[in-house]
Amino acid sequence: MSHQPIEGAPLLEIEDLAVTFYTPRGTVRAVRDASLTLHRGELVGLVGESGCGKSTLAFAVMGYLPGTAEVGGSLRFEGRDIARMSEPELRELRGNRIAMVYQDPATSLTPTMRVGAQIAEVLREHLGMSAEQARERTVELFESVRLADPGAVGMRFPHELSGGQQQRVVIAMALACDPDLLIMDEPTTGLDVTTEATILDLIADLKTRVNAGILYVSHNLGVIARVADRVVVMYAGQTIEEAAVRDLFKNPRHPYTAGLLSCVPKPLAESGAVTKLTAIPGSVYPAGEEGVDACLFADRCPSVRDACRSEAPPMAPTDVGSSSRCLFWADVRPEIWATGEEREETPAANGAEEVLTAKSLRRFYGKWKRKYIFFGPRVQPPVRAVSDVDFKVGRGRTLGIVGESGSGKTTLARAIVGLVPLTGGATVLHGEELERDVDDRTRGQQAAMRMVFQNPTASLNPRMPVRHAILRSLKKFTGLNSRERRERAVELMEAVGLSAVYLDRRPDELSGGQQQRVALAGAFAGNADVIVADEAVSALDVSVQAQVLNLLKEHQREKGASYIFISHDLGVVRYVSDEILVLYAGHVAECGPADDVLAAPSHPYTEALLSAAPVPDPDAEPTRIRLEGAVPTLREAFKGCCFAGRCPRKIGPICDDTPPPARVGPSSPEHLIYCHIPVDELAEMQRSGVGLR
Amino acid sequence: MAATVVVRDPWTDLLRRVARALALPAQRIASALRLVLRTPSGRIGLPILLMHLILATVGPWLAPYSATEFQEPLAEYQLQPPSWQFWMGTDQFGRDILSRVMSGATSLIAVSVSGAALGIALGTAIGMSSGYRGGRIDEFVMRVMDGLMSFPSLLLALLVMSMLANRPAPLEILQSNWQNILIVVTIGVVTLPRVARVIRSVTLSLKTLEFVQSARLRGERAPYIIFREILPNTLPVLGVEASVRLSYAILTISSLGFLGLGVQPPSPDWGLMLAQSRQFLGSAPWVALGPAAAIASLVVGVNLVADGVKQASGLPREKAAT
Numbered sequence: 000m001s002h003q004p005i006e007g008a009p010l011l012e013i014e015d016l017a018v019t020f021y022t023p024r025g026t027v028r029a030v031r032d033a034s035l036t037l038h039r040g041e042l043v044g045l046v047g048e049s050g051c052g053k054s055t056l057a058f059a060v061m062g063y064l065p066g067t068a069e070v071g072g073s074l075r076f077e078g079r080d081i082a083r084m085s086e087p088e089l090r091e092l093r094g095n096r097i098a099m100v101y102q103d104p105a106t107s108l109t110p111t112m113r114v115g116a117q118i119a120e121v122l123r124e125h126l127g128m129s130a131e132q133a134r135e136r137t138v139e140l141f142e143s144v145r146l147a148d149p150g151a152v153g154m155r156f157p158h159e160l161s162g163g164q165q166q167r168v169v170i171a172m173a174l175a176c177d178p179d180l181l182i183m184d185e186p187t188t189g190l191d192v193t194t195e196a197t198i199l200d201l202i203a204d205l206k207t208r209v210n211a212g213i214l215y216v217s218h219n220l221g222v223i224a225r226v227a228d229r230v231v232v233m234y235a236g237q238t239i240e241e242a243a244v245r246d247l248f249k250n251p252r253h254p255y256t257a258g259l260l261s262c263v264p265k266p267l268a269e270s271g272a273v274t275k276l277t278a279i280p281g282s283v284y285p286a287g288e289e290g291v292d293a294c295l296f297a298d299r300c301p302s303v304r305d306a307c308r309s310e311a312p313p314m315a316p317t318d319v320g321s322s323s324r325c326l327f328w329a330d331v332r333p334e335i336w337a338t339g340e341e342r343e344e345t346p347a348a349n350g351a352e353e354v355l356t357a358k359s360l361r362r363f364y365g366k367w368k369r370k371y372i373f374f375g376p377r378v379q380p381p382v383r384a385v386s387d388v389d390f391k392v393g394r395g396r397t398l399g400i401v402g403e404s405g406s407g408k409t410t411l412a413r414a415i416v417g418l419v420p421l422t423g424g425a426t427v428l429h430g431e432e433l434e435r436d437v438d439d440r441t442r443g444q445q446a447a448m449r450m451v452f453q454n455p456t457a458s459l460n461p462r463m464p465v466r467h468a469i470l471r472s473l474k475k476f477t478g479l480n481s482r483e484r485r486e487r488a489v490e491l492m493e494a495v496g497l498s499a500v501y502l503d504r505r506p507d508e509l510s511g512g513q514q515q516r517v518a519l520a521g522a523f524a525g526n527a528d529v530i531v532a533d534e535a536v537s538a539l540d541v542s543v544q545a546q547v548l549n550l551l552k553e554h555q556r557e558k559g560a561s562y563i564f565i566s567h568d569l570g571v572v573r574y575v576s577d578e579i580l581v582l583y584a585g586h587v588a589e590c591g592p593a594d595d596v597l598a599a600p601s602h603p604y605t606e607a608l609l610s611a612a613p614v615p616d617p618d619a620e621p622t623r624i625r626l627e628g629a630v631p632t633l634r635e636a637f638k639g640c641c642f643a644g645r646c647p648r649k650i651g652p653i654c655d656d657t658p659p660p661a662r663v664g665p666s667s668p669e670h671l672i673y674c675h676i677p678v679d680e681l682a683e684m685q686r687s688g689v690g691l692r
Numbered sequence: 000m001a002a003t004v005v006v007r008d009p010w011t012d013l014l015r016r017v018a019r020a021l022a023l024p025a026q027r028i029a030s031a032l033r034l035v036l037r038t039p040s041g042r043i044g045l046p047i048l049l050m051h052l053i054l055a056t057v058g059p060w061l062a063p064y065s066a067t068e069f070q071e072p073l074a075e076y077q078l079q080p081p082s083w084q085f086w087m088g089t090d091q092f093g094r095d096i097l098s099r100v101m102s103g104a105t106s107l108i109a110v111s112v113s114g115a116a117l118g119i120a121l122g123t124a125i126g127m128s129s130g131y132r133g134g135r136i137d138e139f140v141m142r143v144m145d146g147l148m149s150f151p152s153l154l155l156a157l158l159v160m161s162m163l164a165n166r167p168a169p170l171e172i173l174q175s176n177w178q179n180i181l182i183v184v185t186i187g188v189v190t191l192p193r194v195a196r197v198i199r200s201v202t203l204s205l206k207t208l209e210f211v212q213s214a215r216l217r218g219e220r221a222p223y224i225i226f227r228e229i230l231p232n233t234l235p236v237l238g239v240e241a242s243v244r245l246s247y248a249i250l251t252i253s254s255l256g257f258l259g260l261g262v263q264p265p266s267p268d269w270g271l272m273l274a275q276s277r278q279f280l281g282s283a284p285w286v287a288l289g290p291a292a293a294i295a296s297l298v299v300g301v302n303l304v305a306d307g308v309k310q311a312s313g314l315p316r317e318k319a320a321t
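Chains as they are written, first to last, in numbering that gives the first Met the number 0: chain A, 0 to 692; chain B, 0 to 321.
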């Protein structure tokens with residue numbers, strides 16, 4: 000095993016790569032012109048929106064492309080061209096030299112085998128180890144990916160591990176044969192922020208320990224900023240900018256990169272002034288189109304000139320040592336995207352008329368079951384998804400709800416709109432108590448409260464034209480006749496930035512962002528007072544996410560609607576919310592005005608969430624607080640604080656035994672922190688960083 | 000274009016409207032058939048099925064000889080091997096087998112299609128409603144379906160036929176077709192639970208989807224959601240299920256015919272022909288060959304089309320012409 004290359008020679012060298020698929024549906028140019036180099040010991044981030052060819056590039060490096068794909072250019076691993084290798088050579092390469100980590104760890108592991116045995120199998124197959132050696136090496140590998148209790152974890156089945164632990168096992172498996180090149184395709188995208196932070200720590204740490212090159216594919220700029228040494232940006236199958244991580248974030252030299260950066264809501268604005276998000280208009284240059292002699296980004300570029308439309312720009316070096324596929328890289332600066340415009344303020348909390356009030360909402364799933372059919376003690380209590388949540392939403396204001404998956408956010412949203420009936424408590428809209436089931440509410444109440452879902456594709460009936468949902472909403476909620484409804488539908492579509500021709504399209508002819516805008520148009524149709532948005536932008540690319548967020552804000556300003564905005568992304572929640580409610584295990588951990596909640600002092604859980612959120616700034620200090628594990632499943636009421644089991648600032652048995660008091664924050668009487676630690680102590684601890692368990 | 004004078008004639012207007020109303024379904028069906036034709040199974044199965052359908056509609060008129068009349072003298076025409084005069088030979092009564100096969104398609108296809116259609120319609124309605132409602136009602140309905148399913152289909156059909164076929168029909172109008180109606184109902188009852196089960200499981204996964212939730216949020220009632228939102232999305236599954244159920248219906252009816260309880264006389268029955276041919280199997284095998292080939296090719300055709308539908312539902316839809 001001595002294939003140590005000459006120092007300085009790149010491990011992976013991709014030059015003018017083009018990958019074209021010929022399918023029954025037409026030709027797909029997934030990668031048009033991509034070049035990158037990767038050295039040993041280096042982590043290169045590959046970033047871009049969906050449909051830009053990132054994953055195809057990663058698959059091409061693994062030699063996983065199907066026979067129908069046409070590969071142009073060259074793809075050299077230690078000087079040998081991967082695209083020209085035979086199948087046995089490729090197999091040898093994949094097993095021992097190149098390894099890949101995929102997005103969903105659950106599908107990378109065999110569900111019927113213990114995880115230790117799965118890794119041992121790799122070791123015995125590829126390295127010819129004996130069973131004993133393989134077992135020892137497996138434990139070492141588990142240690143190296145920082146799995147707790149490495150000796151015992153191998154005896155578990157994949158379903159007995161949390162998502163973060165599963166991903167660690169997958170990474171351990173990738174490291175098993177000591178690969179020279181490690182490809183990670185969105186390895187943290189399916190995980191919670193808190194888990195993502197711990198995996199990113201591991202990757203940052205591996206980078207220094209493992210003598211391999213890592214190609215890290217991600218759509219998340221914050222994640223890339225945290226782990227990468229160099230970054231390559233892809234757009235429409237082309238690599239359009241390559242730069243050291245700091246240069247890329249500080250001095251982007253391509254308008255697309257600059258645009259992507261200004262699309263991301265910054266979670267930590269210094270002055271407190273929140274600027275309006277930039278949205279990149281339009282969508283990615285379609286892969287079905289043939290390339291033209293022009294810049295493929297020209298149609299979306301704010302500083303496009305005539306030259307951009309008549310010649311295809313080459314990759315050219317820039318002043319900061321990066322290279323950019325823009326003819327006018329020297330003129331690229333963040334201002335071309337017209338940022339700096341301050342977001343309009345929403346009406347003050349005090350003056351706002353109260354629209355929606357939730358009184359100790361409760362939703363339990365399942366029923367008490369007896370041990371035998373009719374006899375025996377009652378066992379298996381119901382799952383307490385949401386217990387005793389109170390909040391108020393004022394007219395024209397936005398309540399943000401944050402929390403990890405499993406914290407009860409979605410259940411809360413569905414209970415409010417009446418899709419799942421409440422187990423206890425009441426929702427009051429305009430002073431009237433609402434029925435628990437949406438079917439029993441009055442037409443007016445149904446019109447007043449609408450919901451936007453996470454998955455835009457599933458929100459529209461795939462067999463109905465796009466107009467269906469909008470016209471039905473108008474029919475139900477307005478007294479318009481059919482001609483007026485049609486006209487109103489056109490207006491609604493225009494309000495969400497879509498032309499009327501889309502009304503007659505099928506949902507599958509629309510992109511994800513367009514589908515979500517149609518869903519918004521449907522939600523706006525009845526002039527709703529309250530719109531509940533459950534992760535409404537989480538499935539969208541950043542540039543589209545910004546479009547949708549701006550649209551929501553605009554609608555709120557015009558119509559004075561109130562929003563309940565649910566997301567796991569703190570940056571997004573901060574951008575849209577006036578008040579924030581932090582939910583943990585179905586309980587309110589902290590609530591209050593957005594700025595107060597996100598600034599110290601805050602609940603230890605909020606603090607952990609804040610420090611886990613990846614920041615698109617390579618200079619941001621990696622924060623200290625990491626949460627392991629996941630939100631517990633709640634079959635019993637908590638005796639003490641719901642967060643005690645994972646709290647890094649737990650002070651003692653009091654946390655387990657006594658419910659935490661509601662403590663009022665220093666800057667606002669509405670800011671409540673449910674914690675045993677007094678507010679001023681909490682503030683002191685968080686300022687100095689002491690008191691961590 | 001600007002200079003064109005538009006003449007408004009009420010009849011042309013009406014015709015245009017009718018054409019426009021029919022255009023979309025016709026287009027859908029045509030494009031679905033084109034999709035099925037793109038699959039290998041569809042390419043073989045559709046022509047076979049088409050041939051049977053043509054036989055079923057115009058077969059009795061195309062047949063060269065009478066299907067029911069004996070030809071005299073019997074000794075001359077009895078059990079003739081295939082020849083230019085009688086392509087499939089003749090049977091023990093001197094009847095032309097080809098003519099009998101051609102005339103037999105009508106009632107078999109009519110009865111099996113209506114039986115399967117009855118079962119599919121009821122099964123779909125029950126499966127969707129039960130799945131959408133959920134809870135105890137769903138549990139109860141599905142157990143009833145399990146109960147129905149536990150009857151072997153042929154045995155149930157035999158039971159019904161032997162008990163009821165010889166009794167008078169409850170209504171005078173039904174009397175002339177009494178036996179066929181019994182078969183249709185029996186096939187319907189046998190098909191129903193199987194279809195209900197499949198459609199219920201599709202409904203269970205569809206009803207959690209956001210577009211159904213969002214229909215509830217805009218205040219749609221359950222029947223609207225079931226028939227307008229969920230039903231169109233079950234069509235691919237329903238298409239496959241329908242063709243599979245149809246081929247089972249054909250087999251069941253042919254088996255009943257074989258046992259002498261099939262389609263009402265005087266129309267010739269393939270199953271019965273097969274049963275009667277058994278005694279000559281050694282001396283005149285062609286008597287069995289005609290009806291056997293007819294049943295087999297029909298079932299194979301339907302199954303191939305079912306397979307084609309299944310494959311086609313995974314194919315991308317053709318782009319609508321703009």
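Hints are not guaranteed to be accurate.
As the list claims (entries may be wrong) - Far from chain B, some chain A residues (derived; all Cβ distances over 12 angstroms): (1) ASP389; (2) ARG442; (3) VAL451; (4) ARG686.
To be verified - Below, simulated DSS-like cross-link-like pairs (lysine-lysine); rule was C-alpha separation at most 25 angstroms, straight line: (5) A/LYS391 / A/LYS552; (6) A/LYS366 / B/LYS206; (7) A/LYS366 / A/LYS475; (8) A/LYS474 / B/LYS206; (9) B/LYS309 / A/LYS475; (10) A/LYS368 / A/LYS558; (11) A/LYS366 / A/LYS638; (12) B/LYS206 / B/LYS309; (13) A/LYS366 / A/LYS391.
To be verified - Restraint-style ranges between C-beta atoms, simulated for each label pair: (14) A/ASP103 / B/PRO222: 31 to 41 angstroms; (15) A/ARG482 / B/LEU234: 29 to 39 angstroms; (16) A/SER129 / B/ARG132: 51 to 61 angstroms; (17) B/ARG135 / A/THR109: 35 to 45 angstroms; (18) B/SER30 / A/ARG485: 45 to 55 angstroms; (19) B/ALA22 / A/ARG482: 54 to 64 angstroms; (20) B/LEU32 / A/ARG308: 54 to 64 angstroms.
It is worth saying that the hints were derived from the structure and are not from the lab. The beta-carbon is built from N, C-alpha and C at its ideal position, and this holds for glycine as well.
Going through the hints against the structure:
1. ASP389: 23 angstroms, holds
2. ARG442: The claim is violated: A/ARG442 sits with its nearest Cβ about 6 angstroms from chain B, within 12 angstroms.
3. VAL451: 9 angstroms, violated
4. ARG686: The assertion about A/ARG686 holds, with a minimum of 44 angstroms to chain B.
5. A/LYS391 / A/LYS552: 19 angstroms, holds
6. A/LYS366 / B/LYS206: 22 angstroms, holds
7. A/LYS366 / A/LYS475: 35 angstroms, violated
8. A/LYS474 / B/LYS206: 22 angstroms, holds
9. B/LYS309 / A/LYS475: Violated, at roughly 37 angstroms.
10. A/LYS368 / A/LYS558: 48 angstroms, violated
11. A/LYS366 / A/LYS638: Cα-Cα ~21 angstroms, so holds.
12. B/LYS206 / B/LYS309: Holds, because 22 angstroms separates the two Cα atoms, which is no more than 25 angstroms.
13. A/LYS366 / A/LYS391: 30 angstroms, violated
14. A/ASP103 / B/PRO222: 31 to 41 angstroms: 38 angstroms, holds
15. A/ARG482 / B/LEU234: 29 to 39 angstroms: This hint holds: roughly 31 angstroms between Cβ atoms.
16. A/SER129 / B/ARG132: 51 to 61 angstroms: 59 angstroms, holds
17. B/ARG135 / A/THR109: 35 to 45 angstroms: Between B/ARG135 and A/THR109, where Cβ atoms are some 38 angstroms apart, the hint holds.
18. B/SER30 / A/ARG485: 45 to 55 angstroms: 26 angstroms, violated
19. B/ALA22 / A/ARG482: 54 to 64 angstroms: 22 angstroms, violated
20. B/LEU32 / A/ARG308: 54 to 64 angstroms: Violated, at about 44 angstroms.
Violated hints for the displayed structure, listed by number in ascending order: 2, 3, 7, 9, 10, 13, 18, 19 and 20.
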